[in-house]
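Start from the sequences, fold in the hints, and give me the full structure.
Residues in the sequence shown are numbered consecutively from 1, following the numbering used here.
Do not take every clue at face value.
[Claimed, not checked] Dumping the calculated DSBU-like pairs for lysine-lysine here, alpha-carbon to alpha-carbon at most 30 Å: (1) K404 / K430; (2) K76 / K593; (3) K353 / K430.
None of these hints come from the bench; they were simulated from the model.
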Amino acid sequence: MKHRYKKKNKNSIGKLMPIAFFIGIIPFIAYLKIINFNMSIYEWYANTAIFPDLFTYYKSLAVILITVIAIILYFKYLLNSKYMKLDLHQYYYPLIAYFALMLLSWIFSPYSYTASMGYMERFEGGLVLSGYLILFFYITQLINSEYDVKWITKFFIGSIVVMSLIGLLQYFKLDYMRVEFIQKLVIPKAYENSSLSFNVLPGRVYMTLYHPNYVGLYIALVLPFIITFFLCEKNLKKKVLYGLLSIAILVNLLGSQSRGGIIGVAFAAIMALIFLRKQIFRYWKVLIPVGVVCLALLVIMDFRSDHNNSNRIKQTIAETFGQPTTYPLNSIVTDGNSLHIDYKESPITISYKNKKNFESLSIKDVNNQPIPYTYEDGVYTIMTVPYNTAQLHCMIHQNEPYIKFISSDNSQWAFALTDQGFKFLNPYGKLVDLNEVPATGFQGKERMGSARGYIWSRSIPMLKDAIFIGHGPDSYIFEFPQNDYVGKYNAYQTQNMIVDKPHNIYLQIALNTGVLSLIAMLIFWGMYIVSCVKLYFRNALDDYLSITGIALFLGICGYLAAGIFNDGNVSVSPIYWGMIGLGFAVNTIVKKKLVH
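As structure tokens, then:
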């Protein structure tokens, strides 16, 4: 009997390995890959075709590989097991709709390679998105016992411990990636004489997830998960360990300086107050000193970072609720031989008839009336307010005539006078047209949340072209109005900025795979939330499965809240899909127990 039990467990572990690898190993993968991706064909990008990638390319390949293994294992278990059968759960239907719409967006995307493999430093194309859905299906089909749940949970918690230790070392400026020995392991021999450069300052936490913002998204998932076990655990030794791990994760969150992560954790905390009210009330004498310690830790870390976190939060509040920002330059549009400039809400039009004669320029106001000016030594001085605070210089560049408009904030805008009309000389040395860019909302709030206000204001009008199907998985960068140099300057204080993601999971889904696919996903999330509310709102949470179920639910709540300010990505999405798959599986087991 004992031998049979061991054999059963061994078989069970075999089916669990793809899940364990998916949520516990893939996030750690880091290996240098040089990507050939010719971006020089786009007028809004530099003449670059070679891109180094350390944290995302091989993660995406791992997702695809584990998906193939999971498919093989699933059919093996389906054919060999007398008891296993295909269970068609209701929550599959919105996912099937999402998959169909994603597939259509992928097939009809004009960016076929990107739609398949994904864009640089992201690599979340159709193959990877399909992998997420297949692994979700695999989890919900094969996880059917408390033993399965415990094994996966222990493995997952182990990975959280290791990831937290990596983050703590980074916070104390002991970054593993800056160690020569580690660099030799992650850099192929073909580039062994190369070294890594870092965009992240020492002391800021990025773990193995590529970007500190992704750390915030990750922690919004795992911190509520661990805190739930801390609150519900009755064994004192385990309770202390969960508490220490929670503090370590909290330090990582603050070290990442991710405001989205803080918002996600805060929302999950509110949900925890509702669903874990009995546990919180039961242990209030313990939780008060723990809360004081955490508060002291927050204050100490804020002082240590020169008030970076508190200042960023204050800045976000001011940008969101303060007075709208006004910009000297509102828009510039090229229209053949006419250049329309909206400067301090006073539009003017500059035009020319002879590009070789600067003195032939015509400057008129919005009513098409000439504006008085003087011209001397290649400089136009406009006499009327507000243009008397700006400058208009004429010059020859590479044997071509140019005019340069200099705003009161010292931003400079150079335009070539060509046979085809005015052309803007962009930061990449390319002559381009400037068009009116649609924007919705966030006027004067473009700088909110590290320019998320700007990105969202330009992304919302894009939705009308992605109602039924999107532009293709991971293809957002190609549809965003990258030639909106005035908008970028106002938001980022530089024209040299490429917007490659919407910083919002919901916009990301809607634009890449279609608004209808987002609706399907919202229905899917809604079904999970309703299921959890029904199962756990009045649940005593006195058994392992119920505790795990509510822990997973609170983690998903944190993720969905943090997703308002972050994008899904191949570093964190496998964990999310693993957790929500496990969440549905646990809910199914708990339901069956309640019925019996």
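Hey, K76 versus K593, does the alpha-carbon distance stay inside 30 Å? holds (28 Å)
Straight-line Cα separation of K353 and K430 no greater than 30 Å? Given that 30 Å is the threshold and the Cα spacing comes to 23 Å, the pair holds.
Are the Cα atoms of K404 and K430 separated by 30 Å or less? Given pair K404, K430 holds - Cα atoms ~15 Å apart, limit 30 Å.
Violated hints are absent here; each numbered hint is respected by the structure.
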